[in-house]
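Chains as they are written, first to last, in our numbering: chain A, 5 to 233; chain B, 5 to 233.
Careful: at least some of the hints might be erroneous.
Stated by the list, open to error - 20 Å max Cα-Cα, derived EDC-like pairs, lysine to aspartate or glutamate:
hint	chain 1	residue 1	chain 2	residue 2
1	B	K89	A	E62
2	B	K89	A	D80
3	B	K17	B	E139
In case anyone wonders, no lab produced these hints; they're calculated from the structure.
There are 2 protein chains.
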Amino acid sequence: MRTRFQNAMEDLKQRLLTMGGLAEQAVDRAIEAYRKRDQNLCFDVLEGEKAINSIEREIDELALDLLAMQQPLAVDLRFITACTKINADLERVGDQAVNIAERVLSIIKLPPVDLPVDVPRIAGTAAGMVRRALESFIEGRADLAEAILKMDDIVDRMNRETHIVLVEKMHQNPDCVQQALDVLLISRNLERVADHATNIAEDVIFWVRGADVRHHAGPRATPTAESAD
Amino acid sequence: MRTRFQNAMEDLKQRLLTMGGLAEQAVDRAIEAYRKRDQNLCFDVLEGEKAINSIEREIDELALDLLAMQQPLAVDLRFITACTKINADLERVGDQAVNIAERVLSIIKLPPVDLPVDVPRIAGTAAGMVRRALESFIEGRADLAEAILKMDDIVDRMNRETHIVLVEKMHQNPDCVQQALDVLLISRNLERVADHATNIAEDVIFWVRGADVRHHAGPRATPTAESAD
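Model the full structure from these sequences, guided by the hints.
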């Protein structure tokens with residue numbers, strides 16, 4: 005028979021998964037809005053932020069209640085603190101989706117220009133990292149989480165390449181400065197989504213192994229400042 | 005006579021103040037590097053990140069130790085969790101300083117251009133918010149923390165104005181696209197420093213009053229997506 009504590013721990017996990025689903029959906033929608041130049045999808049993302057913020061608060065309160073219960077074991081303590089950190093990162097993924105939606109609203113108002121960058125591809129990789137980070141969390145698998153640390157380098161590289169291409173474009177054609185800048189900022193937002201997925205992966209590793217992998221060389225190349233949040 | 009718990013709580017607070025000092029100094033140095041076009045100051049900021057990351061880990065471990073001690077009181081629990089959140093925000097302030105230093109290194113390599121924006125003024129306001137947020141934390145004063153929430157709107161506005169001016173400049177003079185973009189990104193980094201100061205202020209209010217002010221209308225205008233981290 006499960007104790008009240010175990011039930012509350014399970015509840016915490018489930019809510020965090022709901023939160024993750026909402027954050028991931030927000031990024032997907034914002035990118036669909038970009039592809040389709042769809043204003044309504046942008047508004048959906050802006051509106052959806054409320055639900056994400058509300059569940060973020062619930063998770064934090066639940067975690068605090070759990071900490072207040074009598075002496076959780078070391079592994080449970082690490083799990084609860086990992087949950088509060090993952091919670092904060094997921095909320096910030098939602099913020100990035102909102103930023104992207106705002107930029108898409110700006111782009112839609114301007115004449116379309118052909119820019120040689122593949123935003124949905126960067127988005128696919130970044131959103132995939134969030135999804136996998138949550139999977140590593142559900143399954144408590146540090147090996148899955150480690151694979152995500154490597155993917156972060158790929159997104160960093162895609163973001164840098166996009167940056168170079170767009171600056172060149174702005175230089176050549178001043179009439180598309182605003183559009184190119186909007187896309188450059190979307191690319192940076194996606195790179196930050198990947199950073200949050202990386203943070204989540206690191207929290208999973210800490211929870212499972214009890215080791216702090218933050219700021220260590222580990223399997224990942226030295227992070228550049230570009231990847232800082 | 006103070007207990008072991010009280011000593012550890014005081015230690016946690018002191019280390020967080022050290023962390024805050026380092027993060028604030030990193031931002032100040034990065035902006036001095038911008039003003040003086042000084043490469044060595046940029047390298048100082050990049051080098052200083054290690055110390056910030058190292059103290060961040062120490063604080064997290066200390067907080068976890070404190071949580072593992074027998075049943076901290078509700079107010080202590082809130083204090084400890086506030087410390088871990090403030091810790092994460094301060095580390096991100098340090099990351100923003102690193103981002104700024106990297107952009108300054110890019111700017112220094114290019115011919116100087118005269119851009120009609122006052123970066124040190126934005127920096128002064130943003131760094132002042134971090135300093136005041138830490139003061140509100142030391143003194144446990146929610147009223148000081150609330151004043152910071154209002155300052156965030158000022159930095160948001162400065163950042164938006166800078167953005168408009170620089171896009172116009174890029175449009176008029178394609179030869180300064182890269183320089184204008186670097187300054188635009190520095191302005192955004194500073195706006196994010198202000199966001200982290202706001203987060204810290206909210207954590208102080210939560211600790212002191214036990215109320216969650218995040219995502220509430222409160223004394224602050226509705227945050228725009230621009231202000232999201």
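For each hint, the structure was consulted:
Pair hint B:K89 plus A:E62 holds up; C-alpha atoms about 16 Å apart against a cutoff of 20 Å. Annotation: proposed proximity of B:K89 to A:D80 holds, straight-line Cα distance about 19 Å (limit 20 Å). For the proposed pair B:K17 and B:E139, the alpha carbon gap of about 12 Å is at most 20 Å, so the pair holds.
Hint violations for this structure: none, all hints satisfied.
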